[in-house]
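**Q** Could you build all of it, start to finish, from the sequences and the hints given here?
From first to last, the protein sequence lines stand for chains Z and F. Here the first sequence stands for residues 126 to 372, numbered as in the numbering used here. Here the second sequence stands for residues 2 to 344, numbered as in the numbering used here.
Derived from the structure by calculation, the hints contain no laboratory data. Yeah, the Cβ is synthetic: ideal placement off N, Cα and C, and Gly gets one too. Take every hint as true, because none was put in to throw you off.
Sample of chain Z residues at the chain F side, in silico, Cβ under 7 angstroms:
#	residue
1	R157
2	P343
3	G346
4	W347
5	G350
6	D366
7	R367
8	V370
Ranges between beta-carbon positions, derived for each pair:
#	chain 1	residue 1	chain 2	residue 2	range
9	Z	E207	F	N162	50 to 58 angstroms
10	F	R144	Z	D192	44 to 52 angstroms
11	Z	R307	F	R199	49 to 57 angstroms
12	Z	G305	F	G56	44 to 52 angstroms
13	Z	R264	F	R133	29 to 37 angstroms
14	Z	A231	F	G315	48 to 56 angstroms
15	Z	R264	F	R103	38 to 46 angstroms
16	F	N162	Z	A276	46 to 54 angstroms
17	F	R144	Z	C261	27 to 35 angstroms
18	F	P129	Z	G210	29 to 37 angstroms
19	Z	V370	F	R133	22 to 30 angstroms
20	Z	G305	F	E22	50 to 58 angstroms
21	F	A39	Z	L294	50 to 58 angstroms
22	Z	G210	F	W99	39 to 47 angstroms
Residues of chain Z placed beyond 10 angstroms of chain F at every Cβ, according to the derived structure:
#	residue
23	E195
24	D232
25	L246
26	L294
27	P328
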Amino acid sequence: MTNRNSYAMRNAALVTGASRGLGKVIATFLARQSYDLVLTARGAAELKEVAGELESYGGRVLALPGDVTEARHRRQLVEAAESLGRLDLLVNNASALGPSPMPALADYPLDELRRVIEVNLVAPVGLVQLALPLLCASRGLVVNISSDAAAGGYEGWGGYGATKSALDLVSRTLANELRGDRVGVVSVDPGDMRTQMHQDAFPGEDISDRPLPEVTLPFWGWLLGQDPLAVSGARFQAQADRWEVPA
Amino acid sequence: MKREELFFERPDSLQATAPPEARGLARDEVRLMVSTAAGHEHTLFRDLPRFLDPGDLLVVNRSATLAASLRAKGPAGAFLLNLATDLGRGLWLAEPRWSESRPGPLPLAPGAVAQAIDVRVHFVTPYPGLPRLWFVRLDGDARAAMACCGRPIRYAYLDRNYALAAYQTLFAAVPGSAEMPSAGRPFTPRVVDALRGRGVELAGVVLHTGVSSLEVEADVVEEHVLSPEPFCVPAGTARAVNAAREAGRRVVAVGTTVVRALESAWDGERVRPSEGMTRIYVHPGRPVHTVDGLLTGFHDPLASHLAMLYAVAGAGRVRSAYAEAVREGYLWHEFGDSHLLLR
Numbered sequence: 126m127t128n129r130n131s132y133a134m135r136n137a138a139l140v141t142g143a144s145r146g147l148g149k150v151i152a153t154f155l156a157r158q159s160y161d162l163v164l165t166a167r168g169a170a171e172l173k174e175v176a177g178e179l180e181s182y183g184g185r186v187l188a189l190p191g192d193v194t195e196a197r198h199r200r201q202l203v204e205a206a207e208s209l210g211r212l213d214l215l216v217n218n219a220s221a222l223g224p225s226p227m228p229a230l231a232d233y234p235l236d237e238l239r240r241v242i243e244v245n246l247v248a249p250v251g252l253v254q255l256a257l258p259l260l261c262a263s264r265g266l267v268v269n270i271s272s273d274a275a276a277g278g279y280e281g282w283g284g285y286g287a288t289k290s291a292l293d294l295v296s297r298t299l300a301n302e303l304r305g306d307r308v309g310v311v312s313v314d315p316g317d318m319r320t321q322m323h324q325d326a327f328p329g330e331d332i333s334d335r336p337l338p339e340v341t342l343p344f345w346g347w348l349l350g351q352d353p354l355a356v357s358g359a360r361f362q363a364q365a366d367r368w369e370v371p372a
Numbered sequence: 002m003k004r005e006e007l008f009f010e011r012p013d014s015l016q017a018t019a020p021p022e023a024r025g026l027a028r029d030e031v032r033l034m035v036s037t038a039a040g041h042e043h044t045l046f047r048d049l050p051r052f053l054d055p056g057d058l059l060v061v062n063r064s065a066t067l068a069a070s071l072r073a074k075g076p077a078g079a080f081l082l083n084l085a086t087d088l089g090r091g092l093w094l095a096e097p098r099w100s101e102s103r104p105g106p107l108p109l110a111p112g113a114v115a116q117a118i119d120v121r122v123h124f125v126t127p128y129p130g131l132p133r134l135w136f137v138r139l140d141g142d143a144r145a146a147m148a149c150c151g152r153p154i155r156y157a158y159l160d161r162n163y164a165l166a167a168y169q170t171l172f173a174a175v176p177g178s179a180e181m182p183s184a185g186r187p188f189t190p191r192v193v194d195a196l197r198g199r200g201v202e203l204a205g206v207v208l209h210t211g212v213s214s215l216e217v218e219a220d221v222v223e224e225h226v227l228s229p230e231p232f233c234v235p236a237g238t239a240r241a242v243n244a245a246r247e248a249g250r251r252v253v254a255v256g257t258t259v260v261r262a263l264e265s266a267w268d269g270e271r272v273r274p275s276e277g278m279t280r281i282y283v284h285p286g287r288p289v290h291t292v293d294g295l296l297t298g299f300h301d302p303l304a305s306h307l308a309m310l311y312a313v314a315g316a317g318r319v320r321s322a323y324a325e326a327v328r329e330g331y332l333w334h335e336f337g338d339s340h341l342l343l344r
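**A** Shown next as structure tokens:
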């Protein structure tokens, strides 16, 4: 019997914030499916450890520590993806929560607010701009990690929530603008998870009742099997009990 | 709800070990128990039209069964790979088992590789909360391997293997179920003709079943983890269900899969055309909005589906029906007898 429908062709992904939490879980899931990976995070030691572990699954892993708010670093990441020859998936996961405990907007230090906007909004758009030719050639998918806080209006969540709300609008707009280029764009609210960021949002509180980020794997398994254009423009909740393809 | 509330005694002798055809019966000659507020009636499936009214809407599952069980060989030796759900691009959910009678777990770690026919199987990671289920990446053509060498998934209670045709219902149109949507199995052309003649309407949804071997293990039923299954409620079916509800006509689901598909398409007011994945768990704490009755088989002690039956017809009626079914010797499982529960 011949392999009419071979899946041996390699896929490649770029994941930001990949050294821990949700980003690490996504990167590991992809590595175990033999994706080639470009990974970034600010903590060089942690990132190196993750990359070493993921290399054992056989794909190429290019780990580049750095700050996604720096244009030079973003160029470096996309050049690394170019060296892999394709880019099927860009996961804009790196996020800044802002000061912990989280201040009310009336007291929010504006330099901190600018920093949160740079990480959560400007950097994802910057990466999409640079990666567009590669995404286009691979008919790829952009995933922007959003949050329940995007719609909440919760006290203390104003800085972070505002950037995620803006990122949701960026996702919907890009979905429309890039449809002609056959690039899909989605927003994903992963839900509450037991991560460092969630702990920073609730300093000193016991968050052990929240599930580990692995709880989102069924969603990623499904999303990555979809035609990027079929899901483009949608906002998903990874822990929901149904995920619908937009009509 | 406590797990014990899904338990009842059922002698092993009441498991259907073969299709009714192998027992000398037509498909529509299996028994039918009808449970309503008035009590339980005993009849044959082909008399189903008698219990439905003109204008009632029967919703069936159009999913066809795959030969989803593949013989495989890995580092720990020979095993069965039961393919549960196609997630797309070569990624599947699958249950590796030692054999039909012996479940896992197998000693597997992420990165393990096995061979099933001419398909290379890469074990990616266990399913969170359901460690017997794995994400696997298949390198090769899984559908071709199933067509060539797969068998329908079976468990130890069957006396032998039966051909895939025994696992297809009259309504099967879209291949994708790991296990037969068995509530539709007793339907024959003469039953459908009699239903139409009586003025009963039929409509279809698609829900591709995963594997059923994963019973409730959580102490609290509501915490039971379900794996997602692909579903589609077409526009015509959504319209038919909404029209029946508005006119006060009954909607009867043929199978628990149909309840899950319709409830997944419920937006709080009506059924919308929908397509995607669902792992919605219907239980008494989550009321059923879309159906007034359920035609189904008999479900095992501790099966998660029992909680759905409780949600449709009330725990009391279901428990008394099951006690009656045991007394009257009804047969369980996919080749067994049939049960119509009406609110």
